[in-house]
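Visitor: Residue numbers (UniProt numbering), protein chains in the order written: chain A, 1 to 770; chain B, 1 to 647.
The set of hints was computed from the structure by calculation and includes no laboratory data. Be aware that a few hints might be false.
What the hints assert, rightly or not - Some but not every residue of chain A turned toward chain B, in silico, with C-beta under 10 angstroms:
no. : residue
1   : 438
2   : 514
3   : 556
4   : 751
What the hints assert, rightly or not - Derived coverage of chain A by chain B (criterion: at least 3 residues anywhere in the stretch with Cβ under 8 angstroms from a Cβ of chain B; other residues may be distant):
no. : region
5   : 241 to 255
6   : 430 to 436
7   : 458 to 469
Said to hold, decoys possible - Computed beta-carbon distance windows for the label pairs:
no. : chain 1 : residue 1 : chain 2 : residue 2 : range
8   : B       : 18        : A       : 513       : 31 to 41 angstroms
9   : A       : 544       : B       : 29        : 55 to 65 angstroms
10  : B       : 42        : A       : 297       : 30 to 40 angstroms
11  : A       : 473       : B       : 80        : 33 to 43 angstroms
12  : A       : 715       : B       : 109       : 56 to 66 angstroms
13  : A       : 495       : B       : 205       : 33 to 43 angstroms
All C-beta atoms, glycine included, are put in the ideal place defined by N, C-alpha and C.
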Amino acid sequence: IIRQKIPKKKKTYYAAHVMTPLLSAPGKKMAAVQDAPMELDAEKETKPEILSDGTSNLSGNTASGTLSSPPLTAGGAPKQEDQQTLIAVLQFLRRNKLTESVEILRREACLEDQEDSQTLDGSGGGKGDGDGGDANSLLSRVSIASAAAPQSTLTPIPVKSEYDQPDVSVVLSAYSQQGDPSLYQVYYSSLKNFIESVLDCHRAELSQLFYPLFVHMYLELVYNNHENKAKAFFEKFSGDQECYYQDDLRILCGLTKKEHLKGNEALLDFRTSRFVLRISRDSYQLLKRHLQERHNNQIWNIIQEHLYIDIFDGMPRSKSQIDSMSGSFAGETRREVNKAKVFYGLLKEPEIEVPLDDEDDEAENEEGKPKKKKTKKDSMGSKSKKQDPNAPQQNRIPLPELKDSDKLDKIMYMKESTKRIRLGPENLPSICFYSFLNAYQGLTAVDFTDDSSLLAGGFADSTVRVWSATPKKLRKVKSAAELNLIDKESDDVLERIMDEKTASESKNLYGHSGPVYGVSFSPDRNYLLSSSEDGTVRLWSLQTFTCLVGYKGHNYPVWDTHFSPFGYYFVSGGHDRVARLWATDHYQPLRIFAGHLADVTCTRFHPNSNYVVTGSTDRTIRLWDVLNGNCVRFFTGHKGPIHSLAFSPNGKFLASGSTDGRVLLWDIGHGLMIGELKGHTDTIYALKFSRDGEILASGSMDNTVRLWDSMKAFDDMETDDFTAATGHIHLPDNSQELLLGMYHSKSTPVTHLHFTRRNLLLAAGAYNSQ
Amino acid sequence: LDITNAKMTEREERRFAEVPRESIKLMAESTGVELSEEVATLLAEDVCYRLREATQNSSQFMRHAKRRKLSVEDFNRALRWSNTETVCGYGAQDALPFRPLKEGELFFVEDREINLVELALATNIPKGCAETMVRVHVSYLDGKGNLEPQGTVPTAVQSLSEDLLKYYQQITRAILGEDPHLMKVALLDLQSNSKIAALLPYFVYVISGVKSVSHDLDQLNRLLHMVKSLVQNPYLYLGSYVRSLVSSVMYCILEPLAASINPLNDHWTLRDYAALLLSHIFWTHGDLVSGLYHQILLSLQKVLSDPVRPLCSHYGAVVGLHALGWKAVERVLYPHLPAYWANLQAVLDDYSVSNAQVKADGHKVYGAILVAVERLLKMKALSLTLAAEGGCAGLPGTATGAVGFRENSLGLSPPPEPLSEPPLGIASHLQAGGAGCPWEEWTPVSLPAMYCELYSFFGDSLAVRFSTDPPLGGAPPSGSRQPLEGRKEPASGAPNLENTRKMPQLTASMNISPRQDGSPCMEPQPPSLAATVPGRSLARSSSSSSVSRSRSSSSRPGRSTSQSRDIFPKARFPLPQVGPPAFSFIIGGRQMGRRCQGRRFQTSFTPTPPLTTLPPRAYAHKLPVIGRVSKPVRRWTCSHYSLHLPL
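Okay, chain A solo, but in the shape it has when bound (with noise of 0.2 angstroms):
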């Protein structure tokens, strides 16, 4: 059963790739493939449903009105990887002898001409840019393919026919041509002396290659039936590779058989995806010589073939930058990754302005206080009215428009924020701890309302529960029949629309059908998400405690979803290895961030709502333009999964924390790592900047809150051009400096933490006896 199923789940992956770069293409080209007849069952399934996800983001996109007033193709390159994905469907159409779509498509799309030089477009696939992991890894595919067939790649691949899945033999088919299996432990060998002979200089960056290199020959063996041999030589050096990477030894370490590869969507990942390294040009000539000196080809072809060498001028690196980056499913990043403008500056707020300073007006004068505060406030408005150079244009993504509420709402955050406590290394924020207790069927998830009103909890049992943080109980509002009843003129009608029978401190929403992973609140507080491992993100109604909309899509655990700072957009990423990103009204993705190798485990929207971040098991992280849908940074060196994301207030850098109890900054707009915070001894679930950036609140499975110095951590960092242009960061290991408090909490695992308006620090997680 397995063995059939899994082919299917690959399916819908393999879908999603071709998905992402269309979103981006022109609209109605894939209507026409919904009629074709589908030959093969597991298509049946998984095909239809795709494509449609497909027609409608493009409809949904121009129908909306809202993401569609952007353009929606951005620039040459993605019209570049438009056509090599366009390509790839054509082909995968063809296989399944489609021959009508294929027409259809081609026609709509121009291609007739292009179609000869298609195969051109396999040597571009070791070049990366923006949207690399998805369009690369299919290009590397028909890359691979072409080399197995030559000129042929338009020409339907023979199918084997006791798998329904084309592209995995494709993929695998690379293995095919093997030197002597008895004689891959002799060629490791060699390397492995000559990189232990060689300069120390260069072999901290040459040992790089031994994962990789170990992993494909191992790989290649099983592939070609060397069981044995594949043992014997995993036996031998699996004790040789980086403590970091124990994860995937262990998977690997089961796989013996070749049946058994064609079921592991991560290592088809890793073949798929080029593995990254990043070498100095003198290393880089000293391998080559010494590959060529020994005519080890085995290895040289690896390489060539499944490694994607990223040669820099200059001093080699060291060990410790070489670790500070490496750990990653996939390897480094490609440095023109993240060479993408990203304008992470915040949006100017000049709705705000005009009716601010009226209500203001009034609201002081009630409060009888003096003038002065006001003038205090204008000059705050002054400078938040200046155009940051770095924040994107007011209206690259269209976003809904602010009202009456919420400007009410920014008025209270103003008045809060005056009264806010000024945190420092000798001002540390007083934590209080939110403990959910008799928690027996498992807390998995918390959020906080921003104004630390309410506070939701996701469970195990599928269960999401919303108390009141505040002494105001919940309340629904009447009925249809209980409403027409009310005086609609009177001035305290939203007060007399609530039911107060129904009050109460707490209320349970029901709807899902597996254990909730994510929860966020709208920042209006009207709406609150919750992500399923039943497949779904729901949208719950805070007025009347009902479920308004399913969003069906990811088809598999959504491990986290999250609100957008200004609302009606929000973002969800699970085991489907993508992250969509939905509007409130509609019931489909109007983007479909695919890229990741494996899934995603923490969603984030930026401070500006214009980009979206992403945390996932293949232990990198990536930046998506919610414009385009390109990744535009790419960030690896964390050691294990990531499960905890929190932009700065000011967009301009993340902190990560992941199962390896390791806090990374990161500088957005450089793209560089700037900090390592190491003190955590379990996985860091919750992450938290304070309302003005100084500190950084970290929470954890340790059961302790740390507080850190993140102001220090910034400003330490070296962004001289020479490190943004080569990305050698040199991280000083200052954790310690950087600690400024380690508090434990009582046997309680912190699940979340928020700021307060006025910098309380509140966390929460649920009690746990053991």
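Starting from the structure of chain A, add chain B where the hints point.
Guide: Positioned in the frame of chain A, the structure of chain B alone reads:
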């Protein structure tokens, strides 16, 4: 196939568990399939791999559930997502014993048979699966830890350690046991212990046992005290247990307890105490359960309107309403009074011997109603005054009433002056909350109208109690004898501040003294006078009118019985008229439960000239009515004032 085993052995050399081909062959045989060696080997390897893969996948679910321990549930989810049948029947939290069979090399998971019938009929249904809740505590103020040791267990958690169990046993034993001193200690601890949250459901369960000990006043009392201690414990979050506690307390207030069959049992006091407790729970924890107030009112009203219920139940309903504040009285009791009056009057008018006991009960009810409506009138008048005054001067009476309530435990020793005391000890406390209570307004009946109607029922007794405007200072500072003189002076005028502050204390401590509205020698107060009262008297709020009553009675002794109502025609206390009056009274109030030590006071009045001129019954009828003490009252019944005890 032991999953955890597989997980654990991953760290070993082999890194994973292996399923030997023998196992595969065995399993195949058990389903009737013959496998060749080769096939079995292949299958075994495949099974191993699939197992590891599923384990690998299941760890995802564990991580996202933010757990450290891989559960069967996680594993099943991984299986489900790879479209494999899940493993059923291993959902238990406990580890499954994996046993070897001695004879052969056979290992198996112990799978005991469970007798479902036994399980279903088992009486030990697991209790205390408390609701999921969120508690907030400030862990670190300005980055510094608070005094509690960090890293310890939070206080409200549902795990019973050995220590807690021991504590539970000892506390319950002490409270329900014989030793009064032990009980006191236990109750005190229960009131202040911050670590007993886990035991709360158990205590609540014990308290719900009131229904089974309704024959034993003493036990009921103890259980009520337990309620009080729990309610007062600032570290306990009662949550929905409030409902359970309230129902237990309501039981004591309203039910015709088995103990009340014996007239010697003072279940009245129990009811008073329970009512007091009810109001306390309501004011302090009422917000935990929505709609609690209305539910309570409803059930009280139901009892009151049920003529089949015994009088003691009605009494409970009345004191319950009274304890809930004057608004409750206004909403429920007042509109109900005309209907109820007929029944009560019938009882009171029946002089047959067989009816004696019932009649006595009737007087109790009468007294309780009187106290309640009096408070109602007063508070209503007060609220009017306050409204008129623009809400300034914020209720000195209620504040001091509360103080008095606290202090009366201390102020017992000096015999406070008996008669200047309002009969509303409970109420004076309760109304501290009552004044600010948030209920919606009941359709207001104007004060004069209300008074008139009530007057039609109670006549003079009401008027007397209500009429005067006692400048509190009128009461002399202290001393047992002073009051009399003080009272004789018509109006000692300028209330000195000190006295006013002390007064409530005294009044509160007096609330058990017997009332005697039935006194024939009460002088009737013209309603017109009464109407003028509120404005003056009620600024003083909770302090009662008894001083003034005495004063007025002494000043107008002549008018005596002629106008008093039929129900109280008989002056049934002829005794006091003869001889030097010895006066005994009981201090009630909060410390009722402390076995009444030192709460009985005896004052003998030397026959001073003014005294002799006064008819002794003048004292008698000043005694506040509601008898509220358990044991002392019994003794007291034997005293020569026994006759008006019923009221």
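Visitor: Are the hints correct? Go through all of them and say.
Guide: Hint-by-hint comparison with the structure:
1. 438: 4 angstroms, holds
2. 514: Hint holds; residue 514 of chain A Cβ to chain B Cβ min 8 angstroms, cut 10 angstroms.
3. 556: 7 angstroms, holds
4. 751: 6 angstroms, holds
5. 241 to 255: holds (count 5)
6. 430 to 436: holds (count 7)
7. 458 to 469: n = 5 at 8 angstroms, threshold three: holds.
8. B/18 to A/513: 31 to 41 angstroms: 35 angstroms, holds
9. A/544 to B/29: 55 to 65 angstroms: 59 angstroms, holds
10. B/42 to A/297: 30 to 40 angstroms: 34 angstroms, holds
11. A/473 to B/80: 33 to 43 angstroms: Since the Cβ atoms of residue 473 of chain A and residue 80 of chain B sit about 39 angstroms apart, the hinted range of 33 to 43 angstroms holds.
12. A/715 to B/109: 56 to 66 angstroms: Distance hint for residue 715 of chain A, residue 109 of chain B holds at roughly 59 angstroms.
13. A/495 to B/205: 33 to 43 angstroms: 40 angstroms, holds
When held up to the earlier numbered hints, the structure conflicts with none and fits them all.
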